[in-house]
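**Student:** Sequence:
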Amino acid sequence: MTGVTGVTGVATQRVPLRSLLFVPGSRTDWLPKAESAGADAAILDLEDAVPEDGKAAAREAVAGAVTADQVTAGTPGPMRLLVRINALDRATGWQGADDLRAVARPGLYGIVLPKVSGPEDVTTADRLLAWCEREHGLPEGHFALLPLLETARGLREAYAIGRAAARIAHLGAVTAPGGDVERAIGYRWSPEGEETRELRARALLDARAANRPHPVAGLWADVADLAGLRRFAEQNRALGYEGMAVIHPSHVPVVNEVFAPDAEELARCGRLIAAVERAQAEGAGAVLFEGRMVDEAMAATARRTLARHGGG
22 MTGVTGVTGV ATQRVPLRSL LFVPGSRTDW LPKAESAGAD AAILDLEDAV
72 PEDGKAAARE AVAGAVTADQ VTAGTPGPMR LLVRINALDR ATGWQGADDL
122 RAVARPGLYG IVLPKVSGPE DVTTADRLLA WCEREHGLPE GHFALLPLLE
172 TARGLREAYA IGRAAARIAH LGAVTAPGGD VERAIGYRWS PEGEETRELR
222 ARALLDARAA NRPHPVAGLW ADVADLAGLR RFAEQNRALG YEGMAVIHPS
272 HVPVVNEVFA PDAEELARCG RLIAAVERAQ AEGAGAVLFE GRMVDEAMAA
322 TARRTLARHG GG
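Counted the way the numbering used here counts, the sequence shown spans residues 22 to 333.
Hints listed in this document are in silico derivations from the structure and should not be mistaken for laboratory results.
Any given hint could turn out to be false.
Unchecked claim - Each pair of labels, with its calculated beta carbon distance range:
#, residue 1, residue 2, range
1, Glu203, Ala295, 44 to 52 Å
2, Trp152, Ala302, 48 to 56 Å
3, Arg252, Ile206, 31 to 39 Å
We put the beta carbon where it would ideally sit given N, CA and C, even for glycine.
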């Protein structure tokens, strides 16, 4: 877990989320399927997945689902619930503010904020969430905030966005064929992801520099192409992301596997730590381990891996 103190405010400890499965806000009855698939988190979507004439009913349904989940929301293990609200702007009649107040209650892990263009959008959401926390008697920073970098300015200002509120977690670049980011930037999406690799890497660097915990990327739109999904997930993992947003339950096991070390990797971490500690006890700073030179920096990385994945 990671506790964060940022420029403004404090935040509850956050955990890595390997898979964040989008679920239409109008289909809260699909949540058991999301949990059965093994998703670390479900994102109940009140924005793109719900037609305009169904948004009020979906908001009510999502609020009910969050309330029903409040007993387990803060404990290790259960699937976390997030809600993607509508944008916080006049163009939507401040519909997002109505969404936020309706769903920000004890069973909620966090809010997914769409169409973020700059730190001012985060500041607005942060203040509204703080008000909801006080209203429900929750500690400051209880709700996580996941800003979606879906505009050119938002991607350009990812670092400032990340520093705008301590409650921000899981910040990263979410790209998809034909989506908001492709329209904003103008690239031509390909399954190989070369046209967005630099964009995703830069957003990740900004998230790390802003000290935002557990960045996530996404997403893979082809439901049936699990091999392509695995390649894209492995590319994101290689860049340094810790999880991915996904759109179908069949994607969850693949992504979970990619973003979690296997038994041999965990065992190797244990062996590496032991080798470095033996060398240190003998007065050496580095040691040859399984054909490679390792030292305290590598041991620290191994300890973090074990701590995050239940091995230490």
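**Student:** Which of the listed hints are broken here?
**Tutor:** Violated hint: only 3; rest satisfied.
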